[in-house]
Every structure is written in C-alpha cells, then in structure tokens.
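J.: Protein chains in written order, with the numbering used here: chain H, 1 to 140; chain D, 141 to 1114.
Treat the hints as calculated values from the structure; they're not laboratory data.
Keep in mind that a hint or two might mislead.
[Said to hold, decoys possible] Each computed DSS-like pair below joins lysine-lysine, with the alpha-carbon atoms no more than 27 Å apart:
| hint | chain 1 | residue 1 | chain 2 | residue 2 |
| --- | --- | --- | --- | --- |
| 1 | H | Lys80 | H | Lys43 |
| 2 | H | Lys88 | D | Lys160 |
| 3 | D | Lys1050 | H | Lys88 |
| 4 | D | Lys160 | D | Lys531 |
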Amino acid sequence: MSVTASFSAVDGLPDTEKNPGESENTYILRPIFQQRFRPSVVKDCIHAVLKQELANAEYSPEEMPQLTKRLSENIKDKLKEMGFDRYKMVVQVVIGEQRGEGVFMAARCFWDADTDNCTHDIFMNDSLFCVVAAFGCFYY
Amino acid sequence: MEPGKRRTKDDTWKADDLRKYLWAAQSAGPKEDKKHREKQPQKDLETDLPECREHRRRDPERDARCRDRAAEREKPHRLQDQDQDRHRDRRKDTRSRDREKPKEGHREQATAEKAPSRGKEREKGGHRARRDGLRQAAGCHNLLGWDAQGQPPDRPERRTQAVSKARPEEREPKGEEPEGGDEERERRYRERKNGEHRSRGAGSKKDETGSQHAENSGRNNGRDKDSRRKHGREEGALEWKLARRRGSEEAVEIGKEDADSENAGAGEHTAGFEDDFEDYEDDFEVCDGDEDSGLDALESAEMAEELPPARRREIEEIRKAIHAENERVGELSLKLLESPGQVERGRGAGPGANNSPSQTPVCGILVDFATASHRQKSRTQALKQKMRSTKLLRLIDLDFSFTFSLLDLPPVNEYDMYIRSFGKKNTKQAYVQCNEDHVERDVQTEEVETREVWTQHPGESAAVSGGSDRGSPGGAAVVPKVDTPRLCSFLRAACQVIAVLLEEDRVAAEPSWPPRAQDCTLPLSDGSVPFNTGLLFLQNRRVTCVHASQAQRRIVVSVHGLPGKASAPLLDSRHLLCVWDIWQPSGPQKVLLCESEVTCCCFSPCKAFLLFAGTAHGSVLVWDLREDARIHCSLKLSGCSWTFRTSTFSTDGVLTSVNHRSPLRAIEPVSASVCKRQSCVLSPFSAPEETSGLSFHIASLDESGVLNVWVRRPHARAWSVLSDPFSGQWSMLSSSELCAAEVFRLIPGGRIKLLHSTAVHLGGSLFHKGDEFWVSTQTLNVKFLPSDPDRFVVGTDMGLVCHGTRQERRVFPRLFRPQQQGVRPVRVNVVDFSPFGEPVFLAGCSDGSLRLHQLTAELPRLQWDHSTGGRAINGLHWSLTRPAMFLVWDDASCIYVWDLLESDLGPVAKQSVSPDRLVAMTVVGEAEKTRGSFLALVLARASGSVDVQYLRREWATPAGDERRRLRLLLQEAP
C-alpha cells in the first residue's frame, strides 16, 4: 500500500500583515461563495483524473509510490487551478492491491466546519483500488 | 512535547485548551534560534510573554535549570575554550542537581524571601569566591565537556524547558541571593546605561556577558557547595554522554539544537523577568552606588525595552550592523580556512542541519552567524503566524468532523474468490440484451393477451356478444392493407373466368343436356351452343329480338315477349330481356323486366353496362347493369334465386312534349368521339365517363319520323324515391311536373337518367315538300355513319333510304334510291353499314332486293333483286371478321351467305333453318384476334329457343388483302 499526501500552501500572508506598522488585519472569516470548496466539483475533478490515469493500471509494488505521488500532485495542481481562493489543499492518495482483503479507511478532521470541507473518490479495478481524499482548509 | 497529554485528550477539545496547546507549539519555534538571540528585536520578546506565563506554573521543578540556561546563553561565544568547557560543565551540574533536588530550590527561595536585601553585597562577593574555586575544580573534566555538554538527555522536554525558564529565573535569584539584589542591580544598570550604552555598543556588551557568565556560574556553583558529592556522579554521566555522542551523529545534532533552544529561551526569560518584576521595583528602594559595571547583554536588552522607540531602533540598527559584519567575517573565514567540502557542508546545512559547527568547532562559530538570519526570519514568520492564529482563534470555533468513511472494502469470502477466479471458466457469452429500459412500464415482459368472455347466464355488458374483438393484432394489421377496389375488380374478373370454366365443365359432364344440340347445328357452322331458354320464366315466351353488343361481342341480349300461358304470376304481364354471355349459355347474366313491349334495344357503345330499349309505347328505357342486385326484386324460381331488374330510368310519362308518340322502330347509340362538340353544349353535366371516351348519345326513331337524341346523365342518389318496381304506370304525370316526374321515373338507387337533347323531324328535313308520297311514309330504321355520327341514313317504307344530319344540314345525296325508277311501296327493312369503315351500306328490302350503296351516289353500286327468290329480307348483317362478307336471312328462315370477293352475283351459301322457324338473328364475332377470331350467328327460333351457330372457319377467317380487293371491286363495279 502506498500513501502519499500533497500539501499546498496559500500564496502568503496578506500585505498588511507584512507591514508591522499597521494593525489592520485582512482576515476573511468566510470564503466567497463562488470560491467555496465544493465537494462535488472536486470529486468530479478527482474522478476525471483517476479515470484518465488509472484506466489500464495494474498493481505493481515498484511503481505505486511514484504513481501515488504523481496522482496526488496532479490532483492538487488541478484543484489549485480551480480557484478555491485562500484554501489550503491536502490531497491524500492511497493505492492498494486487490487481493480480496478487507480494507477500511476513515478520516476525521479537526476544522472549522463552516469553511473547510473534504471529499473523496474511489477508483477500483481488478487489480487495485485507489482512494483519493481531498481536504480543503480555509486560510482565513 | 506532551505526548501523554495529547493522547488522553478526547474529541472534546475546548477552545482554551487548544489555544494553550497552540501557544506551546508556537513557543517551539524559538528552538531554531541560535546564540545570537540577543540581537532579536524587543518586540519579539514581548510577544513571548504570554507563553512564559502560561507555563510558569506547570514546570516549577525545572525552574532552576532554565535559569541556568539563561545564564549560559549570555555567555559570549568567543570565550576561551576553557571558559566554555567550564561553563557547560557547570550547566550540566546545575541541571542534574536540579533534578535531584527540586526541593532545594524551594527552600532556598524561602530563605531568599527572608533574607534582607542588605546582605546582598556580601553574598555576592562570596559567590565570586566560590565560583572561582569551583571553576578550577570543574575545569578538569570540562575539557571533555565541550562536546558532551551538547547532549542533554531530555530532548522531548527541551522546548518546554525553554519556554518555562522565566519562572525559575524569578525564583532562583531570590533563593541564592536576595531578590532585591538582582533588582537593584538591574535598576542601577538601567539608569546608568541610559547615559552610556550607546557609546559602549556591542563590544562592552560582550565583556559584560563574560562577567555575567562568571557571576552566574559562580552563583550556581555556590549553590552547589553543600552538594559537592554530586560531582563524582556527574563525571560518570558525562562519560556516558560522551560515549553516546561518539556513537551517534544524530545525538550531536540534537545537542546542538538543545543549545540553540536554550539560547532562545534566554530571551524569553529576560523578558518575563523584566515584566514580572516590575511590581517589585516599586517595593525596593535601592541605591545605585554599589552597582558593579559587569552587566550582561541581556540586561542591556531589557534596558532597551524601556527606552523610547527611537533609541530602540538605533539599537536595532546597531545589532543588525554587527550581525552583518559577523556574517561577512564568517563567510570570509569559511572560505579561507575550511576545505571546500566543509564549506559546502556548512553552507548547505541551512537552519535545519546544524551538524557542521559541532564537527568543525572553529568554523562552526562562523556558520552560526550565517544560519542565524534564517532562524530569525523563520522565527519572525512564526511569530506573525502565531499572532494571527491567536487573533483568529478568538473569532472562530474549531470542531471535530464526524468520521468520514473513505473506503469500506469488505473482505472477499472464499466462495466469491473462487467464483471470481474460476467461476467463469467454461462459460461463454450467449446472449446480450441491449434494449433500452422501458421505464414507464411496471412490468417489462411480453404483453399478456387477454380476452373478455361472459360465462354467467343473465348476460351483462358487451362481453356477452363477443366484446370488442381486438385480440388479433396480426389480422388487424393485414386487413387495412387490402386495396378493396382492386380486389373487387380482380374478383369480378376472376369470377367470370371461373364461371366460364365451370360452365364448360358442366357442358362436358352433361353431353346430353341440350337434346337437340347436334341437330341444331347448321351445315354452315362448325358447332352450336343453345342458350338455356328452358328456364321457368322464359318458357313459352317468344323471342322478338336479339341484339349483340358492339363493344363486347360475346354479350347478347334477347327480348322475350309475353308468355303464352301463365307460369309465374308476377312476371306474366311483363316483357323480359335476358343478357347472355355466349360462353355461359346455361343461364342469362341478367334478367330485365319491362312493362311494355320492347321493339328495339341496344347496348352502350364502349362498355356493355347500359342497356337501352325502345318500346311500342314510345318510351325509352335504360337499365344500368352495374346496379346492385339488392335494389331489385328477387324471385325464387325452381330452386334458383333470380334478380329481375326494372329499368333504371324510363321516359314514360315524362318529357311528353318531346317524347315519342309512335312505337319506336330503332334505337342506336351515337358514338361519343364525334358528338362531343354537341354534348358540351347540350349537357352541362359532364360526367367523368364523358370525358374519358364513354360519352355517347342515344338516338331513338319512331315510326312517325321523329328522331330523338338523348343525353345520358349520372344522377345523384339523393334523388331516390320509394316506389314499387312492380307498381303500375307513371303516365298520369303531367308535363308541368317534369322534374318530379324525372325523379319518379328513376328507380331508387339508380344513377342514370336520360335527358332529351334534340329532336329531328325527318318529315320536314328529309323529304321535299313537294313529295307527294310523304304523307304516309313510315321510317323503319336508322343507322348512323360510323365515320361521321352526325350523319345517318333512314330506311323508309317507300323503298328509299333517306340521308340526313342531326343539324338538318343539307347533305348529298339526299336520298338513296333503288335502281328501279318510281316510287314503290317497298319497305327498306334493314340498313347496315360496313363495320370496317368502308363508305358503303347495305339495304335489304321487303321485295327481296338487296342494294349496296355508296354514300356518294344516289343510286346503288350493286343491286341484287332476286337473290332470295322474292322473299322479303328480314335481316342483314355485315360480317364482323371479313369485310367482303355479309349474311342475310329472309322471312322464309333461310340464311344466305354472301362473299363479294368470291361472287358478286349471288350468295355463296344458302341454308334454310327449319322446322323451327327463324324469328331473329344477330351476328357476334371477334375480329380483332385473327388467330382466335370467330363468327357466330345467334338465332332466335319461333319456339322461343336461342342458339349460337359458329360459322365455319373459311367464313370466319379473313383473307390477306380483303379490304383492298373489296375496294377495287366497288370501284370496278358497273
């Protein structure tokens, strides 16, 4: 089983915080509605990537680490292009071999439920299963 | 970092706890700072305060050690090795001592509180003395300790120690030396420094830190004086640490980090120190005079904190300048002194990897400056973020999400695994269903065939009578595709063929049926077929006339008179007409009823579906043979059902002004093609049949010389009036009720009626006024020219044949005369035009003379006066197959066959019909098909029987150029 997580940080601090002389902050407690992390859209994105990348994939222990890395980076980049402003993205990719074993994966988040969200998607074929979980944390 | 605490926490972290936790985490940031911590801006020190306060309570037992570290940080880095060794050794001593005897601190603290500030100076002096002594004592093992000191065993607690230094610092001094002593010293320093610290700069600070270090170490060691026995033990510990350091490189790194964190903690310590003790400053009024000049850099930083911002900035600039200088020097020396590999290692180490200083002690000092900037930057960043989070956490609430189940893949049981791997062996795909789902259907199966049937006795609903019979979709799909008119026409034609075949079969099966059949065959003919006139309704009826259709040569109509004795009560008073097909002699096709005696009849010229008849009463009757049998009377006679058709329309009683008043002598169809120009004017009701060539007129001639032309007109069915077909006459209708009478004369359901077109009074047009014989002249028959239907010839009883037109134009010759001069009472019984288009006609007269006239000459081309031996000629017919042949019969029942090509002097054959006298004769034949052509005579006998005599083939089959030879004959004739 191969696990890779990709993180993406937001661009940086707002300008006002770089200027110590000013005490005004630029906190945005709630994201703009259009830029809110939408699980369905993200899920579609993930699904598209998975379908494209794993269409004819076979499980091989040597290649899976690179594959998970590539997938996570790929998905993360795609998510960043989708314009979830001020969101920090965490993409976790797990690929495991299908040998008939039982697998249970769960995630739990400590977050601000108003702004943060997550989604996941599963791809399965005869030889492997792939679980992608994407978490979006709002950077206030 | 408090792993146990973290584990015990539940989902229910409170915001406060989280904040504490985050602060603790943030405070870990300073760990990366190095020994240049004193150059950090004052502002950062202030932000450190809250965490210091937070942790002060938690870790009282570590206070002493923390303070020691603070002191150690203040030690300048460029001290002599020995000094460093000694210092570190001392620090280790202190640390171990603190762990072993936490209570000692408390005790000391208690004593410090009691101790008066006055004893401060004295104690300080003692401290120094003790410190010097100790330094020498510790020096022996500190030679090893330079490296060993970098490996404190308490790595997990490292940060906590660092952040919790303020508290011990506030207490320990109280224990060791009077609390007020520190305070006073600080105050003194501050006051003095207000004036001088600018000029002293960093250089003096280093000196001061050196002295401060000495003082602190002395202080600590002094505190250890009563526990000197520990040194032995510590030496053992050092030995152990050293060994471990040698064993692992990692340990060295962490040790270095530890030192860094201690340095970082120092700043916090001083800030906390300064902050917390502000209260105490008010309590102690201290004189400044005895303050020594050795003040550490920490205190100078504290002083700067109280300076106005402008000065603070100046100090900051100075520090930066120093730092930059150090960096430059460090880089330079690195390049000069170190080998390239070392430089690379030291440079590439960055803030995270601090192993280079420990491995190359000389250069390590310089590298520290280089990495310090990184540390400072990252620390600045961390502080900013921490502040940000502090503010933000006040605004938001974090909570735990429920647990997302990302994947729940149950284990495959053995059976499924087996099936998955082996279950599909020996199977193949046999069927694919690819229809779309029929979503609106509940049940996706074949439609159930249902049929409603009623089984109970008192019937209800429509199911009793069969219900709606929609059960057979296949039949319903086929039936509408049937082209009904086409099927009907096919059936009609097929029925005729089948009927003929059946007829022939029956004839063949019953050779003896017509008993006289062979007897009747005349010598002229190859064979004969008698019509079955033995039917009940035809018995005892005389045949008065037979007529053949011009269009359909095998259709013959026979006119039967009143029966001699009653046989069928309904029919006895009526005349009958029978339409025969000569191929079906077993019975008539149609049987027509007529009230009055029929004197002449004819068929419609193109298709024999209309039959016209003239009566002795002067009326013209029309039968539409296409009419449905149901609108006519049907009688069951001798086991057979016969339909007796009454006339569709009759001119009886209508059109009285123009109708005939004398018995009709002849009725003739006038071909349409030439009459068209008139019919367009005369009949505005042009029917489709007229335009398609079926248009024709009917001309009827009565004895008085009135020639009426009638226009046939289709009639709407709406004009039907109920009337009994067997009821009596309609003659009482007056002329004023013409329209109504027209309607009444139409049978219900009939579609044909006649309109009067023109009337030609031959008396005025054909004969000269001066002709004396005209008064009693009768017109006997009329024939229209086949080439010009406008013109006609009329036979009279004066031996003359009149020539006229319907427009009463003058034509030449006006009369066709016999060769004998003078007027004789000779009836021209028959006039017949050649059917082959030759402009000649034959006229048979009652005196037995036979004349062949050309239309252009008044006198006949040929005249045979004695061919019949003086017997009156009753009938005359041109052959239908041979242009030069004609047939004549006289009133002696003798048939003469003329062939002009063979002999123009007399008949080539003569056959007397006896004993059954001939009363009527007509000729049927098919001339179109030379191979199958036939010529037959239909003979009506006096007994009432009718038979067909097929003439011999030499008369039926035409010769090659017969018409040309006939023409020559006509021209050469004298």
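J.: Now, for every hint given, state plainly whether the structure supports it.
T.: Right, here's what the structure says about each hint:
A C-alpha spacing of about 14 Å is found between Lys80 of chain H and Lys43 of chain H, which places the hinted pair at or below 27 Å, so the restraint holds. Between Lys88 of chain H and Lys160 of chain D the alpha-carbon distance is near 24 Å, which keeps this suggested pair within the 27 Å criterion. For a cut-off of 27 Å, the pair hint linking Lys1050 of chain D to Lys88 of chain H is broken: about 132 Å separates their Cα positions. About 13 Å separates the Cα atoms of Lys160 of chain D and Lys531 of chain D, which keeps this hinted pair within 27 Å; it holds.
In the structure shown, a violation is registered for the earlier hint numbered 3 alone.
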